[in-house]
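Asker: Residue numbers (the numbering used here), protein chains in the order written: chain A, 1 to 246; chain B, 1001 to 1328.
Take the hints with a grain of salt, since some may be wrong.
Per the computed footprint, the stretches of chain B lying under chain A, defined by three or more beta-carbons under 8 Å from a beta-carbon of chain A, are [what the hints assert, rightly or not]:
1. 1047-1061
2. 1070-1078
3. 1084-1091
4. 1237-1246
27 Å max Cα-Cα, derived BS3-like pairs, lysine-lysine [said to hold, decoys possible]:
5. K1110(B) to K243(A)
6. K84(A) to K1025(B)
7. K1070(B) to K242(A)
8. K1233(B) to K84(A)
9. K1135(B) to K164(A)
10. K243(A) to K84(A)
Bear in mind the hints are in silico, worked out from the structure with no lab data behind them.
Everything numeric in this text was worked out from a predicted model, so none of it was measured.
For glycine and all other residues, C-beta sits at the position ideal for the given N, C-alpha and C.
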Amino acid sequence: MRRFLAIVGREWRAYFLSPLAYVILAAFLVCSGWVFWILLASLSGPNARAGQALLYLFTNTFVWIYLLFTVPMIAMRLFPEERKSGTIEVLLTSPVSEGTVVLGKFAGAFGFFLTMWAPSLVYVIILRAHTPIDIGPVASAYLGIALLGALFLAVGTFASVLTKNQIVAAILAFAMLIPLFSAGLLDVLLSDPSKTDLIGYFNMWEHMEDFARGVVDSRRLVYYVSLTAFFLFLATVVLNSKKETA
Amino acid sequence: MIEVQNLTKTYPSQTAVADVTFSVKEGEIVGFLGPNGAGKTTTMRVLTGFLPPTSGTARIAGNDVVTRSKEARAAIGYLPESAALYPEMRVTEYLAYRARLEGVTGPAVKSRVAEAVDRCLLGEVAHRKIDNLSKGYRQRTALAGALVHQPPVLILDEPTVGLDPMQIIKIREMIRSLGRERAVLLSTHILPEVDAVCDRVLIIDRGRIVGEGTPQELRSKLAGTPVVRAVFKGDVAVRDALAGLSGVVAVEEERGPGETRARLECLPDADPSEEIFHLAVARGLVLRQLTREALSLEDVFVQLMRHDEAAPAAAEPEPASPPPEAAS
Chain A
1 MRRFLAIVGR EWRAYFLSPL AYVILAAFLV CSGWVFWILL ASLSGPNARA GQALLYLFTN
61 TFVWIYLLFT VPMIAMRLFP EERKSGTIEV LLTSPVSEGT VVLGKFAGAF GFFLTMWAPS
121 LVYVIILRAH TPIDIGPVAS AYLGIALLGA LFLAVGTFAS VLTKNQIVAA ILAFAMLIPL
181 FSAGLLDVLL SDPSKTDLIG YFNMWEHMED FARGVVDSRR LVYYVSLTAF FLFLATVVLN
241 SKKETA
Chain B
1001 MIEVQNLTKT YPSQTAVADV TFSVKEGEIV GFLGPNGAGK TTTMRVLTGF LPPTSGTARI
1061 AGNDVVTRSK EARAAIGYLP ESAALYPEMR VTEYLAYRAR LEGVTGPAVK SRVAEAVDRC
1121 LLGEVAHRKI DNLSKGYRQR TALAGALVHQ PPVLILDEPT VGLDPMQIIK IREMIRSLGR
1181 ERAVLLSTHI LPEVDAVCDR VLIIDRGRIV GEGTPQELRS KLAGTPVVRA VFKGDVAVRD
1241 ALAGLSGVVA VEEERGPGET RARLECLPDA DPSEEIFHLA VARGLVLRQL TREALSLEDV
1301 FVQLMRHDEA APAAAEPEPA SPPPEAAS
């Protein structure tokens, strides 16, 4: 456990020692700031409903674009960097299992992801100061973001084990995330309600809207947690087999 | 501390290590000597648990590297090839991370880091970023990282590669002092290094051990015919006279206008130097140079490699290992 924490801590701190992290953080603040401004504009309209507006903070298109683009960039350095410098050998010859290494790196990246979202709490605080908002949906919306982020990062972690090149890792992650994300959006093409239900199970957009409305469905929790675990498991398997060629 | 039995590691395309057996005791520094690509790094990677062996066993402090991998790995301090470090970290930060990764906890982390900094003379740069360090300091930081948890076994892959002579001397001194209370296995392709640092040498070529012993032993084992070289002033015919001296087996003469060079192959234990001197005096020749050649470790190395090349056909049909055991 202590070894796991050593990896998480190093990984998380490493982000703040690279310029990429600050670019990602700054871009996130610009985008979310803009969204917040739109939100305020709509809130000050004559027939504004506070709950609806807050939902927008988490379900706008920006959030998706942002997740799909930045998560691969956050995860891309996890393994290629260590391979390039050779530190992967140090890591894998220390008395730590491959699973712990994967989990530790993932957790460090997830920590950075959460840090990235932390400033958005300011918007909630500002809104709360001026208009009555329900904290429940806000909390569940953050839970949704965390679950989505975890799944996307797990995919990114898996992609980064596959290659020695950071850019390739990012593109691979993106290429895996796009189908994962858009599969759930295909329901518009189907008329058969039973199939629509099936696809709805994968519809992340809808999941997120539910989370933002304050609906926490246990099926969704299972969906995200198990898929996250699945991709991390794959990453561990690949890491194990990749040692031969390192 | 390190026990290797019939270790073999095959890749789909080649055999990297073939049936290697050796051991390293506590307080012993063993040099793993061989040309690049001989299988040194592969052997070390198997010992450190980074690669699984195809067959054979390796034990570190009594722990099998496959079945008790974690215990074995915990007993090793490993310095991989080309000093792998995190450039963005500070020296002490990195050492603390390595210590925690190896299972050091609580306040011990700080004291172990301080000890490693002391030991590797890193005090001046302890709080500098690794990225900004010179190559020598980087190598020392990597070495400090390998020993920060005070392991009983140190495995160092080319610890002095790419350093300048002063830095090399420093690192060698460090390794020697470390070897007093530990088992150290270090690889190198630099011959003077094993002479300067190691108690024992394993010479490896194309995956197999072709020579083993102390540097002196290896030298005397392969010393063969002693050679004496003499240089006389002017163009003089000395071959026949030299050939008549006791203990001389063969004489090669190389005559030029300025000087005459002679190379005498002698019987073992024979030394015709004195007789050559008297001969020169008796004949009124000017003796410019008289040297008895000691076989350097370099020569030993080259000879061993040649032996191996002489019988390549015998070495070829090696991969007769059981086929069902695929490398996993």
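Asker: Check whether three or more residues of the segment 1047-1061 of chain B sit with their beta carbon closer than 8 Å to a beta carbon of chain A.
Answerer: holds (count 4)
Asker: Three or more residues of the segment 1237-1246 of chain B near chain A by CB distance under 8 Å?
Answerer: violated (count 0)
Asker: State whether the coverage of the segment 1084-1091 of chain B by chain A holds or is violated, taking the criterion as 3 or more residues with Cβ-Cβ distances under 8 Å.
Answerer: holds (count 6)
Asker: Holds or violated: K1135(B) and K164(A), Cα atoms, limit 27 Å.
Answerer: 24 Å, holds
Asker: Against the 27 Å threshold, does the CA-CA distance of K1070(B) and K242(A) hold or violate the hint?
Answerer: Roughly 19 Å between the alpha carbons, so the hint for K1070(B) and K242(A) holds.
Asker: K84(A) and K1025(B): Cα distance at most 27 Å?
Answerer: Violated: K84(A) and K1025(B) sit about 34 Å apart, past 27 Å.
Asker: Given the proposed pairing of K1110(B) with K243(A), does the C-alpha separation stay at or below 27 Å?
Answerer: 32 Å, violated
Asker: In terms of beta carbon proximity below 8 Å, does the segment 1070-1078 of chain B have 3 or more residues touching chain A?
Answerer: This one holds; 6 residues, not fewer than the three required, reach chain A with a Cβ under 8 Å.
Asker: Hint check: K1233(B) vs K84(A), CA-CA at most 27 Å. Holds or violated?
Answerer: 60 Å, violated
Asker: Checking one constraint from the list: CA of K243(A) to CA of K84(A), max 27 Å. Satisfied?
Answerer: Given that 27 Å is the threshold and the Cα spacing comes to 13 Å, the pair holds.
When each numbered hint is compared with the structure, violations occur for hints 4, 5, 6 and 8.
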